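Engineer: Chains as they are written, first to last, in this note's numbering: chain A, 123 to 263; chain B, 21 to 296.
Simulated from the structure, these hints should not be mistaken for laboratory data.
These numbers come from a predicted model, not from an experiment.
Cβ atoms here follow ideal geometry from the backbone N, Cα and C, with glycine treated the same way.
Hints may be right or wrong, so weigh each one.
Incomplete in silico selection of chain A near chain B, CB under 8 Å [said to hold, decoys possible]:
1. Pro125
2. Val138
3. Ile141
4. Val142
5. Met167
6. Ser171
7. Ala174
8. Pro178
9. Ser200
10. Ala201
11. Gly202
12. Tyr208
13. Ser209
14. Tyr236
A few chain B positions that, by computed beta-carbon distances, are all more than 10 Å from chain A [said to hold, decoys possible]:
15. Gln105
16. Asp118
17. Pro162
18. Leu260
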Amino acid sequence: MRPKFFFVTAGVLALVGAIVAGVMLFGGTSVRDYVAQNYARSSTMDRGSEKAYTSPRSPSETSTEIVDAWTPVSQYPSAGGIFLRYSDDMVLIQPRSGGSVIRVDDVERAHRHYYGILGGVWGWSSGHGEAFRGRGPGAGK
Amino acid sequence: MSYQRGGSQPDASGKTKALVAVFAVLVLGGYFVSQIIGSFGADESTAVENFERQDSADLANRLATAERAHGICYGWQLIDGGLNQVLSEGSSRGVGTDAEQCARWVEVSADVLYTSENSEQEDSAQLTVRSSPDLLGSTPSPQDFERVGVTSRELIDEPVSSVGYAALSLPLLLAERGVVQPVELDQGAASERVQPLDEAGSDFFGQYTGTIIFLGILAAAVLACLVLGIVASRRRKRRLAAVPPGREGPPPPGQSAYWQGTPGHGPPPPGRGPST
Chain A
123 MRPKFFFVTA GVLALVGAIV AGVMLFGGTS VRDYVAQNYA RSSTMDRGSE
173 KAYTSPRSPS ETSTEIVDAW TPVSQYPSAG GIFLRYSDDM VLIQPRSGGS
223 VIRVDDVERA HRHYYGILGG VWGWSSGHGE AFRGRGPGAG K
Chain B
21 MSYQRGGSQP DASGKTKALV AVFAVLVLGG YFVSQIIGSF GADESTAVEN
71 FERQDSADLA NRLATAERAH GICYGWQLID GGLNQVLSEG SSRGVGTDAE
121 QCARWVEVSA DVLYTSENSE QEDSAQLTVR SSPDLLGSTP SPQDFERVGV
171 TSRELIDEPV SSVGYAALSL PLLLAERGVV QPVELDQGAA SERVQPLDEA
221 GSDFFGQYTG TIIFLGILAA AVLACLVLGI VASRRRKRRL AAVPPGREGP
271 PPPGQSAYWQ GTPGHGPPPP GRGPST
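For reference, chain A alone in the conformation it holds in the complex (with noise of 0.2 Å):
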């Protein structure tokens, strides 16, 4: 085959990847980019360091939202929220008048910081908090 053949083959397929990449990237590379490019910030609601953003949705329907873009390691439901943990992320969605108020901190501070509701047996540390992640592994038929 002519060499042109392959130099031509090679630079299709570098911009397929070049496209395919572009795309990935454009979603963001963490959870915190797809909170700030699809809520409203809200800097009058930061809390510490945790940023806030709003939406108009209930918490669980915004936890959906979340957790279907970008699947947490765990979650937590408390009577106060849901905590999403992530490797490097922490959100944590809360009802606020209707809607919902998202909060975003790095996991190993907020960690600390709710150590009172995420520690414990049903907490993140926990073999609940690590197994239950909506998708649990087979344990049935």
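For chain A, the structure is supplied; the task is to place chain B on it using the hints.
Structural biologist: Chain B alone, transformed into the frame defined by chain A:
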């Protein structure tokens, strides 16, 4: 010649058949061995996993916080559908204490049925919510629970975790429906010894594993094409360099045999083409 070729055919055919037979034996043998090994490792038990004492005690404590805020008792129940037996129940009033003893109450109940491997019936799980009359119509639906990750599949796979998280999500789901006010998060516990989080890997690589593998394969293909292109280009240059002057380029129409170097024919004398 024809005899030799004819004679070698049965041998080749025989070898092929033998190879196919060996391959088939290996495949079938491997399948049966894997089935036998799989049957040893399979969990034949149809018993539903139950709460540890610590699990249920901590769950009751967490629900008690919500009860203090809302004045509603929150409860749970886990039932083994095969045995038709309540494995675990409790509420914000304590392990083993029914939520119904309160004036206002909500209880989530999971009925999980595991069937044996031989049964044609599939494993199943059902989540139901019961409540005091004043809360009827305001209780969460199965879709509400699915949004917080408690699905039928999850109930089958992780009954304890699922019913626990379903109970823990009751106060939030009632707040979403406007029945109660959201609970303020207690951020305290500074005095408590914080247990470090385990390593969780990379979100990005976890999220895009398939795409990253695809891009890797694509990059390898691009590299291979470039190498092949360079090699082909060098070969072409060497070939052109080896051709004596005056023989480059394609043959004129109708003179392909001559220009391709037909045996017994030399290059045309200057000023003379082949006779037509």
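Engineer: Hint by hint, note whether the structure agrees.
Structural biologist: Taking the hints in turn, this is what the structure says about them:
no.	hint	in the structure
1	Pro125	holds (4 Å)
2	Val138	holds (7 Å)
3	Ile141	violated (11 Å)
4	Val142	holds (6 Å)
5	Met167	violated (14 Å)
6	Ser171	violated (13 Å)
7	Ala174	violated (14 Å)
8	Pro178	violated (13 Å)
9	Ser200	holds (7 Å)
10	Ala201	holds (4 Å)
11	Gly202	holds (4 Å)
12	Tyr208	holds (5 Å)
13	Ser209	holds (4 Å)
14	Tyr236	holds (6 Å)
15	Gln105	holds (18 Å)
16	Asp118	holds (20 Å)
17	Pro162	holds (12 Å)
18	Leu260	holds (12 Å)
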